[in-house]
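Produce the complete structure using the sequences and hints provided.
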Amino acid sequence: MEIYFELINDAEGIRKVYDALIGEEFLGFDTETTELDPYEGNIRLVQLSNGRSTFVVDLKPFAEKGDLRTAPELALLREILNAPKPIKIAHNAKFDAKWVRHHLGVDVNGLFDTLLASQLIAAGDQDRRHNLAEVANFFLGIEVDKTEQVSDWSAPELSTAQIQYAAKDAVIMIGLREKIVERLRQDELIRVAKLEFDSVAPLAAMELNGFYLDAGRWREQLEKVKKEQTRIAAELQQMLSAGVAQASLFGVAEINLDSQQQVMDALVNLGVPVPASTRGWQLEPLALEYPVIAKLLEYRGVAKSISSFGENILEFIKPQTGRLHSDFRQIGAPTGRFSSSKPNIQQIPHEEAYRRCFRAPDGRKLVIADYSQIELRILAEFSGDENFIEAFKSGADFHTITAAQVFGVAPENVSSEQRSFAKRLNFGVVYGIGASRFALMTGLSQKQAEDTMRRYFSTYRGLDAWLRDAARRVVNEKTARTASGRLLKFRFDDQDRSAVGAAQRNAKNFPIQGTSADILKRALCLLHKAIDGTSARLVNIVHDEIILECDAAEAEESCRKLEKAMCDAAEEYVKKVPVKVDAHVADEWTK
DNA sequence: GTGAAGGGCCAC
DNA sequence: AAACGTGGCCCTTCAC
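Quick note on numbering: this note's numbering labels position 88 of the first sequence as 1535, and the sequence is numbered without any gaps.
Since the hints were made in silico from the structure, they are not lab data. Beta carbons: idealized from backbone N, C-alpha and C, even for Gly. Please note that the accuracy of each hint is not assured.
[What the hints assert, rightly or not] Estimated spans, in silico, between C-beta atoms of each pair:
1) Arg1776 / Arg1884: 26 to 36 Å
2) Asn1703 / Gln1633: 28 to 38 Å
3) Gly1831 / Ser1786: 28 to 38 Å
4) Ala1510 / Asp1916: 54 to 64 Å
5) Glu1675 / Ala1602: 19 to 29 Å
6) Gln1573 / Glu1897: 26 to 36 Å
7) Arg1576 / Glu2019: 25 to 35 Å
8) Val1628 / Met1888: 42 to 52 Å
9) Gly1718 / Ile1753: 24 to 34 Å
Given below as structure tokens:
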């Protein structure tokens, strides 16, 4: 493909780009950078194309004159990127948005992301890949050569091949969007696509902001856990080797406590009736009778803490900022939930000892807000169950109220056991829990568990009907949707009963978990606008929780803005049920 | 040595 | 046969 493009490297050229493109509806947009991380390299090229004219802006000459964020010659380029129109079409726009925000000092607004769109269209098919080459091939049937992608973008003079490659990536976006939009329309994914695209700028900002971790506190905590581990490991070692004490003249071979095989063998030697798996929940019932099991579970706890939440996390602190900058995948799960890695900041233990290490730097505050029971409120909304909705409207402790309704007693007479049953069922229904599992986790007999569940569902008939309907529908339609229209296509063998069962549990869970993700994303969009120009920065999200960091003086105001953004977002989707957000200002990531 | 798979466990 | 949904990370084991 021979393409026409112009290389731009002065103020006059920028004016030309602006005049040629500002009136367009859509622009292909791409950047080339010297590194993958905006804190470690420079942005070299910005490419913009309307499909006929393509401009490759070389930022090097501008950077040599001063700060790209304030350079007046780049004002018009910043305006094109910052304005909601033209729509900028990019593949993995978060990447480009981060570079532009960090090095050019503006948010990229009006984005269309072909990667996110491709993920939405794939509708949960985990086998599909979504890199540009695959997506271009899938939607346009063309081969895209990515060999220049990793070339040296810091060279004083870029080669013709490099510039051509750069230009081409922007050009193909125009045709790619057309094909993709067609599919988004067919599959009724326009609304969720807009939601995803609008979430890119907030997410890019959050990754740049990072989350502050007090490394000193973390090390102190780690030392304590290490000491504990040494002690517990020695105790466990001794208890396990009791069964093979006479095995060797030279003493007992060390058992690798992290090896399930070796631990299992040792347990068998001790005469412990080991279950098929040594998973915690299977061992839990044995812990009372066999002290060695209790010790094993104790060991597992500290071992997990040290391996997953030990020194490793400190290596992710970026020297340039002194903060953690995790990678977030915007559609990390088919439900639309985010996933996070390097490090996974969404799985930090809830214990205060860990959470207090994440704190506001001096002079700043954290603002922490989470949705109260958002998934159950969504379930109430979807099912329209009057009793379930009433339990929320009462405003009292939800699990107590549901226990009162289910067991037919006054709320003040609900026993702690009854509340616990109700609580476990409230959480369980969202996942499609069965009586066996409920029995296992409560200690009830199978019969008692079945009776309790029957009672629960006869109290909440609407809820029961909705769940049954979801299970019935998936068998016929093999699809499910969230409130924003996010789609999941099921692929299972109708003859395989366990596959059908899994799909049915999934069909119950997907709309609920997915709508919760929709709501969080909508909240991010509203919040991003609400805190623009203030000291507040988005620093972390954990499924139903949003954390800001701001100047101490602005904490209360930020807190109100956060609470409002979250409530407003949820109320776009949840209308029959009150929405509750718990928000507070804190110095540490604790309640 | 490297990488994939399986088991286990942290979060919501 | 499985029995509760979504992720990522660490460890062991095993194949190459």
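Evaluated hints:
1. Arg1776 / Arg1884: 26 to 36 Å: 29 Å, holds
2. Asn1703 / Gln1633: 28 to 38 Å: 55 Å, violated
3. Gly1831 / Ser1786: 28 to 38 Å: 32 Å, holds
4. Ala1510 / Asp1916: 54 to 64 Å: 59 Å, holds
5. Glu1675 / Ala1602: 19 to 29 Å: 54 Å, violated
6. Gln1573 / Glu1897: 26 to 36 Å: 34 Å, holds
7. Arg1576 / Glu2019: 25 to 35 Å: 33 Å, holds
8. Val1628 / Met1888: 42 to 52 Å: 47 Å, holds
9. Gly1718 / Ile1753: 24 to 34 Å: 30 Å, holds
Figure legend: structure checked against the earlier numbered hints; hints not met, in rising order: 2, 5.
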